[in-house]
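Undergrad: Residue strings, one per chain:
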Amino acid sequence: EAQVTQNPRYLITVTGKKLTVTCSQNMNHEYMSWYRQDPGLGLRQIYYSMNVEVTDKGDVPEGYKVSRKEKRNFPLILESPSPNQTSLYFCASSLSLAAPVETQYFGPGTRLLVL
Amino acid sequence: QKEVEQDPGPLSVPEGAIVSLNCTYSNSAFQYFMWYRQYSRKGPELLMYTYSSGNKEDGRFTAQVDKSSKYISLFIRDSQPSDSATYLCATTWIGGSQGNLIFGKGTKLSVKP
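Residue numbers (the numbering used here), protein chains in the order written: chain A, 1261 to 1375; chain B, 16 to 128.
Any given hint could be a false lead.
[Said to hold, decoys possible] Quick list of the computed label-pair ranges, beta carbon to beta carbon:
1. B/Lys127 / A/Ile1337: 22 to 28 Å
2. B/Tyr86 / A/Leu1375: 23 to 29 Å
3. B/Asn37 / A/Glu1322: 31 to 37 Å
4. A/Lys1317 / B/Lys127: 38 to 44 Å
5. B/Gly24 / A/Glu1362: 23 to 29 Å
6. A/Lys1278 / B/Lys71: 30 to 36 Å
7. B/Ser55 / A/Ala1262: 20 to 26 Å
8. B/Ile33 / A/Glu1313: 46 to 52 Å
[Unchecked claim] Straight-line C-alpha distance at most 25 Å; calculated DSS-like pairs for lysine-lysine:
9. A/Lys1331 / B/Lys57
10. A/Lys1331 / A/Lys1278
11. B/Lys57 / A/Lys1325
12. A/Lys1277 / A/Lys1329
13. A/Lys1325 / A/Lys1277
14. A/Lys1317 / A/Lys1329
Since the hints were derived computationally from the structure, they do not count as laboratory data.
Every residue, glycine too, gets a C-beta built ideally from N, C-alpha and C.
With the rest of the complex left out, here is chain B (with noise of 0.2 Å):
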């Protein structure tokens, strides 16, 4: 079993849609979770970071853990077609150490306009 799982899509949506992408993970001793948006053609970029599990909102962005299911999830709101990216979940031991980074293979989302 993949430590981190996540559905590659491709999602596809209508501009002002909520967009709900997840990932679930196996190992218990993870504790920071993140989301990481990667336009194409470039490099990932951190989007948004929880430790431990609840909620986290940014603007349109919203980072939710649910430790006891193990699951993970990134909902936008009010989708824009800038949106369009690829989003991939991570997480990691406690500490937040980057050298420990476990990644998702990434959920392709396009926003329609």
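Next comes chain A alone, as it looks inside the complex (with noise of 0.2 Å):
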């Protein structure tokens, strides 16, 4: 089954102390990214990746990172959580960039509270 998974899918945390949330696909997609999605603000791109070692910004990267090692997985990172990065948060994954928007899958979620 095509699918995109989340781990965890939630996390309590506090500030300062990092974490890592995990994102893995099994459809052999070029092109993976991350959303956070926030009541009022709806999803908005964290960071995106065209392909194994290529990563660029998308619209809100600020205390995010990110790495692409192997294609199935991008994991994002954030190494000192704050409050404010208290949010549901979506992987996403799709067969390229440039590939139709129906090749693109969601993930489940993951809901982060940062104390």
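Now that you have both chains on their own, put them together as the hints suggest.
TA: Structural data, given as structure tokens:
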């Protein structure tokens, strides 16, 4: 089954404690991205990756890092989380940046609370 | 002005009603228009997409784009309780690149049995 998986699904942490949210896809997709979803603000892109070792900033990259060492994995790293990073995070993947939108899949989401 | 405006609702309708969900956008360069459905505790899933103006129908769902007024609509006929979800409109420039997707804030729909 084609899918994007994220772990953990729920996370409560404290300010300043480094954390990583993993994302993995089993569709051999080139393009992967991270979004955050906040009430009243909608979905906003944090970072994206067009292929292995190729990443770039989205609309709201401050406070986040990513890496793409393998095609299937695209972890999101919060080096020093702050309360304003409390949000619902989605990983997404698609065939390629230029591929039709119908090839895009979203993960189930990770709900993060930073105290 | 936000690039895509969408009334967040919530919208509550009885089962069987016709539902109209709407977005407006500001950038005339947008060419692809998408509707995503997001169930509670799930990620968004692509429901329908259209290119440029016109209508597209898929079962009970019709997506409509009016580029002259920069207005995007999703109509749901014979709405069912299983249609209860948040609906997100999205748009992008020509080429349909996901890297440039601009999302509306989403409208929460509840269909009552």
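Undergrad: For each hint, tell me whether it holds in the structure or not.
TA: Consistency of the hints with the structure:
Distance hint for B/Lys127 and A/Ile1337: a CB-CB separation of about 43 Å, inconsistent with the stated range 22 to 28 Å. The hinted range of 23 to 29 Å is not satisfied by B/Tyr86 and A/Leu1375, whose Cβ atoms lie roughly 42 Å apart. Take B/Asn37 and A/Glu1322: their Cβ atoms lie about 32 Å apart, and the range 31 to 37 Å holds. At roughly 43 Å, the beta carbons of A/Lys1317 and B/Lys127 sit within the given window of 38 to 44 Å.
For the pair B/Gly24 and A/Glu1362, the supplied restraint of 23 to 29 Å holds, since their beta-carbon distance comes to about 26 Å. One distance hint, 30 to 36 Å for the beta-carbon pair A/Lys1278 and B/Lys71, is violated here, with the actual separation near 45 Å. Checked against the hint of 20 to 26 Å, the C-beta distance between B/Ser55 and A/Ala1262 comes to roughly 22 Å, which is consistent with it. At roughly 49 Å, the beta carbons of B/Ile33 and A/Glu1313 sit within the given window of 46 to 52 Å.
Straight-line distance between C-alpha atoms of A/Lys1331 and B/Lys57 comes to about 24 Å, which keeps the hinted pair within the 25 Å bound. For the proposed pair A/Lys1331 and A/Lys1278, the alpha carbon gap of about 24 Å is at most 25 Å, so the pair holds. Taking the CA atoms of B/Lys57 and A/Lys1325, the gap is near 24 Å; set against the 25 Å cutoff, the hint holds. A hinted pair counts as satisfied when its Cα atoms are at most 25 Å apart, and A/Lys1277 with A/Lys1329 qualifies at roughly 23 Å.
With a C-alpha separation of about 14 Å, the suggested pairing of A/Lys1325 with A/Lys1277 holds against the 25 Å cut-off. A C-alpha spacing of about 17 Å is found between A/Lys1317 and A/Lys1329, which places the hinted pair at or below 25 Å, so the restraint holds.
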